[in-house]
Structure formats: C-alpha cells, structure tokens
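Undergrad: Heads up: the protein sequence lines correspond to chains C and U, in order. Per this note's numbering, residue 1 is the first one in the first sequence, and the count goes up by one each step. Per this note's numbering, residue 1 is the first one in the second sequence, and the count goes up by one each step.
Hints are supplied without guarantee of correctness; some may be wrong.
Subject to a maximum C-alpha distance of 25 Å in a straight line, what follows is the list of computed BS3-like cross-link-like pairs (lysine-lysine) [claimed, not checked]:
hint, chain 1, residue 1, chain 2, residue 2
1, U, K211, C, K40
2, C, K158, U, K211
3, U, K495, C, K25
Simulated from the structure, these hints should not be mistaken for laboratory data. As the structure is a computational prediction, the values presented were derived from the model and not from experiment.
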Amino acid sequence: MSAVPKTVPKADSAKWKMVSCDPDKCTGCTVCEYICSLTKDNAFSAQKSRIRTMRLHPLINISIACRLCNPAPCVTACPRDALTQSEQTGVIMIDDDKCDGCSWCIEACDYGAITLHPELKKVRICDLCEGVEGGPRCVKWCPEEALDFVTKDILSQKARIAVTKKLFKESMEAAGIKV
Amino acid sequence: MLGYAGRVLHVDLSSGKIWTEPLKEELAKKYIGGIGLGMRLLLDHSKPGVDPFSPENPLVLATGPLSGSMVPTGGNGHAFVSKSPQTFAMGEAKSHGHFGTAMKRAGYDAIIFHGKSEKPVYLWVDDDAVQIMDAKHLWGKSPQETEDAIKTELKDFYIRVASIGPAGEKLVRIACIINDRSRAAGRCGMGAVMGSKNLKAIAIRGSKDIKVASQERLLELIKIQHERMKGPAARKYRTLGTPENVLVLQKLAAMPTNNFTRATFDEADKISGEYLNERFIAKIIGCSSCAMRCEHIAVVPEGPFKGVTTRIEYESLWAMGPNCGIGNLDAILKGMDLSNYYGVDSISIGGIVGFAMDLYEHGVIGKDQLGGLDLKFGNYEAMLEMIKRISLREGFGDVLAEGTKLAADKIGNDAPKYAVQIKGVEMTGYDIRGLKTAALGYAVSFRGADHNRHGSYDPDVKGKVNRFKAEKGRGKLVKETEDLYTVIDSLIVCKFSRGTYFEGYKDLAALYSAVTGVEMTPEELQKAGERINNLGRLFNIREGLTRKDDSMPWKIMNVPIPDEGVAKGSFVSQEDLDILLDDYYEVRGWTKEGIPTVEKLNEIGMEDLVYLVKDKLEPKPSKRKEKKEE
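So that you can see chain C by itself, here it is in the shape it has in the complex (with noise of 0.2 Å):
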C-alpha cells in the first residue's frame, strides 16, 4: 500500500462539516441507522446504514460515521482508485463500477465508518445525504440531539465552551450566569 497520499490538499477543508456524536448524549437507540438505511436503501437495516452505533457497556454510547479525515487514508487504501474525495465537501465519493468490494478501505479507516453493503458488496460511506433537502437526515431525527453537523472548528469550539463551563461552573453560579 502507498504511503504517500493520493488526495491534493483542499483549500477549503476548514470548512467541511461532518457528522458528529456527542457520546454524553447518545443513548445506544440507533434511530440515526433507521433513518439513514430508510434514506438511502428504502428500508430498515443496521447493514446499510452509514452511521453505525456502539454500546460497549450501557454507559458507554456512541454513533460514528465518516470524519472527513484529509488525507483519506481510505482513498489512499483502495488499489482500483474507486475513491475520491470532494474538495468542496470532503465527503469520499465511491465509483461503483470501480469498487470490487476488496475492504482495503474498510480497513484503513480508524473510526469503522466504511460499511461493506450486503448485497451490491460494494463500500458504502456517510455523504451527509447529498441532495437532500436540509442536510443529513440523521442529525435532524436523532431524538436526543446527540448528533451534529458540524465543522471540525465548530466541534473544538463546542468542546471549549463544555470544558469552561465546568471549569468555572462554582463561578458561574455564584454570578448567577445561567447555564
């Protein structure tokens, strides 16, 4: 496999939203697998789904789906160059007359977020529901509002403003900011 990647740099990367799981908010209910198998396969199945949820004990919940690295290493990975990443959304495109189903990508990916579809076995990854009509679909139905959309700068400013408040929360209290 090459270690050099493949993809150019992307001037607007900074820009790119994904999706995002916040694991304090999950509760394991997997609506967002329901919903993303419904949108893109006109049925319910945890298979199909791009974003896949993990309970790895009941108090540790999450969903993941693709983080939009740069460089891809999946792109990197696959040999028949089926994927390629947008430079305007960064979402990993999948020629299907390419991809054999050869997982190397699946592979590659840290996160799990590439998923082998059971009957075409072809890849299948997150495109934040291209073409539908306000954004991924997921986001808008997760009951807990556990999912975002989210550039990578908004999700460390979210994670500031989380880490300020608890640190100061003593404070914030005693000023009667409301939280």
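Let chain C serve as the given structure and place chain U on it in line with the hints.
TA: Frame of chain C; chain U shown alone:
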C-alpha cells in the same frame, strides 16, 4: 402484509428438527403479534394439562408487526409465551432492547421451541441458517457472561442474545430470560421453562431489510410521536424514571412494606427516585428505535458495593427495598445486580425474600432451617444471601425457589397466609388494600398478580374514583385498560410510551396500518385487544382455572392497613371482591363463573375456540326433561 416477516420457525429440541411455516394472515390480523400471536400459537401447539416443565410444553418467542421498524419503542420488542410453572396457566413476559429487532430482521415473526434437548444447547439463528449449538461450556454462566461468550465465539459484536442464568438451569420457578445484558422477560418463570428444555440461549443475527407499506405516512406519524415523547407524556421516564413512584405511593399509603404488613415505609426518603437520581444514576440509555430513553443506569459510588452498575426500576426497587424492610439503596442495587446475574425475576425474588422474612419473624420458620441466618426485615445482608440461595437452590432456598405459593404449601402451618401472591405469581408494588380498582385488575389478570396486564391503579392513584370503595363501574375501567394493554403488548410497543398515544387506538391503528399496509380501524384494534384477553381466559379455563382463582392474597383480605392516615383500616373483603368480579364478568360478557359465553366468542370472531368452553357453560335447562318430571 409488510411489517410481518411472514414466517414461523419451529425448533424441535428433542429431535433436532428445524422447519419453518408461513404465518397465516388471518392469525396475524386477529392476534396482531407479540403476546397475542404467541398465546394463540401456544394454544394451538399444546395439549391441556401438561406440566410446564414437560417437553410437551412449547416455549413461544414472538415479535410484533412493528418490530424492526423505526416506530419509536415499537422497533424492538419481543415476547415469550408458555404455560407458566408458577400459575400452571397462561404465562407471558415481554422485553425490549435490541433482540426483537434482530429477530425480525432475521425474518421470523415467531419461534416455537418444542421438546427438550438431551444436553445443554443454544440456538444460533443467522438469518435463514439456523443451528442448534452445544452449550456445555456456557452452563452455569450468567446471562451477561453467556452473551459475551457467544458474541466472542461467533465473532460478531452485533449478534443479539437472550439467555437464562443459573436459576433458569435449576428450574427456579421465577427464572427470567435476559437479553442485551439488562433487559428481562421477567415474569411467570419463562426462564425456568427455557431451562427445562436445556436451552441456554438464543443468539440472532438479522440482516434482512424491513420494508414498510407507506414510508411517508409512517415518517409523519413517527415525527409526531418523537415530539410527544419530548413532552410531558414521557417526562417521568426521561427524568426520575419509575422510582418516582416511591414518594407518590408513600403519600397515598399504598407502598407495601414488610411483605404487606404496612402500607408506608419509614425510610422512603432514602430510596426515593429523587435520591436515586441525585446519587446513583450515571446515564439514561434507550432501546432500539426509542425516542424516549428510560433505562436508568445506576452506579454505586462508594462503600462495600462500590462499582455495582445496574439498571433499576420502581418495582424491583420496591420488592427488594420496602417489601423486605430495607432502606439501603446500595444493597438494593446489589440485589438488582444479583437478580440479573442469576437470572431471576427481580420483582418475585423480592416477594419471596419478604415472604420468608415474614415467616421468620412469625416463627413459622427458624434460624436452624436457614443455616443460622437472621432473616428479619431490614437485614440486607440476609436478603442478598437469600437471593443467592434461592437462585442456586441452596439449603432452604430450594424450597423458596418454588415461589411463594408452592413453597407455602410445602412449609405448611400458617405459611400460605403470608404468601402474597395471585395465581402463584408474587405481588408487585402497589398496596391494593386501598386501591380497589387495581385490586380487581390484579385479581383477573390472566398471568397472575401483575400491574402490567392492566393499568387499573391509574384511576385509584390519580383520584378519579374513590379508591377505598368497591362498586359497579370498576369492571368497565379494568376491561378498557386490559384491552389497551394487551394491544400494546401485541404490537409490541413499550408501556412507558402509552401516554404518547393521545388518541389511543387511533394512533396505534395508524402506526399498524402505515407499517403493514393492512388498514386497521381503531375499533378493530380494540376488538383484537378484547379477543386476546378472552384468549388468555380460554387458555386458563382449559387448564382448569375458575372464578376461585380470581382471588386476592390472604393478607389483602384479612389484614386492614394499620398505618395511621388516609388508608387506615382499608382491605378487600369477600363482599368487595364479589361485587368487583360480578361487575367485571358482566362487562366482559362472561358468565357468573367467569366463562366467556358462546355469544361473546362469536361476536369477537372466536367461533373456532367455542369448543373450549362448551361443556363448562351451564347446559340450558331442557324443557322436555322438566315436563317429564312434572
């Protein structure tokens, strides 16, 4: 018909034969799915009078038409149905989580287990490939250990498993079946039936598509449900959870304490939902497709039980808490954890330990029988020890493992008076001495003492009726809630979501129609609920139950509530019970003896089952004969 998988899987554990048959459409429409379908399949595949532990008693596992779909709470349910080793009559228990979803995705509406395996086995359902697997290495393991071991050996984390623990293996009559680590099909001893078949577990991988009839319509309905689930209708389950009941029932003096000796608990504040959430609850999680979340995961933060992590609900908390005089929440959570570990119904286990404590305090059993254990009310160490002994049938636990009713008969003397059970199933956490609509609901429940076959405590607790009075009209209240609850358990949706169906049957029928494509009216759905309740009754009549079995525990009828306050002096007299039963039977269209009439059965489309009652209905006086006598 979409929604349904259209297939019933048969597994004969004696011969190893496995086959499928199509689900009859008429059966599906009439009995919906879940417990309704399961009960009908049980009736059709069993002979009257067989012992619940006999290979001839089938164990039925059923999903509902909504299982596998995105209908909130509807996507995940499954039900076990069999002749109960506690009641020797209709037994059923439901559970949620992810198991039912997987079963529907594998393509089955029901699985019927016949016979008995020679050796411990588990069933491995991989879509269409079904195998009976050796389970020797799993025998003795807890359901959680079993689940982990099966996922490891089959090398797929997303395989869903339902299994029994050591208690089910040892035929402890209150054994349950646990899936997804902490979800239990708890009541009626379904785990013991599974154990009697040497069936340790059922592992399922389902990868088939679930298609629905009308996607757009369904999504609209789901959107509405999601909104309602974020609102007040589900507030209780999203916030404090069912332990909110502790202080509510305490205030009403309807909190059974010390095995129904009293109706208030002095240490209620120490076990309240408020305290539980403040100190113990680390996370609230949800089942597949649910938009409510309710599963409160408690972690004991310090002390001897530090680190115990378990799900807890009011009923279990009550059973191992106030019912045993225990106000130590750490220990109650440990008790819950042990119940899940051994695989026993956490309500009934508390009922049995409370019963044993009562016997001990009244000198009916002594320390010598208990290996020196000081089994007085409030001794939490003794409670935890007894959970283990009962679950493993050790020492006197072997007698108690038979359940309060059979154990009381064995112990003799005054023991039956302390057995707070109906039809052999231990009571749940409502003191029905001062909740008389509920008392009727409990008395007539076809699966024994239970608050989940009806919601008839609701009018009592909410003050819609005079709860201390038995009067005409309660029969109608009970019938209505029974019919609805039966539909809920057949679809299967979660009882906790019941408040979100603002228009009752109309909402439920709309969901059913959108998923299956079979237009169901609210009236037809209600009728199905009535039909399924009659089915439960018919099965029990076939097994020899009569009006006498629609009874109340001795304590409920003979010991008035002693606590000072609103409920003082209340109890259910024989006269009360007769008024309630007469009224209920009449509303149901049953005879004074509680037998469905031929007219009633014809009216609800159960002509084919008239044979079950024909000889039990009083023969019409023959005029010719009378004339001859004249």
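Undergrad: If you draw a straight line from the CA of K495 (chain U) to the CA of K25 (chain C), is it 25 Å or shorter?
TA: 23 Å, holds
Undergrad: Given the hint that K158 (chain C) pairs with K211 (chain U), test it: the Cα-Cα distance must not exceed 25 Å.
TA: 38 Å, violated
Undergrad: Has the given pair, K211 (chain U) with K40 (chain C), been kept, meaning a C-alpha gap of at most 25 Å?
TA: 13 Å, holds
In terms of the numbered hints stated before, the structure departs from hint 2 and from no other.
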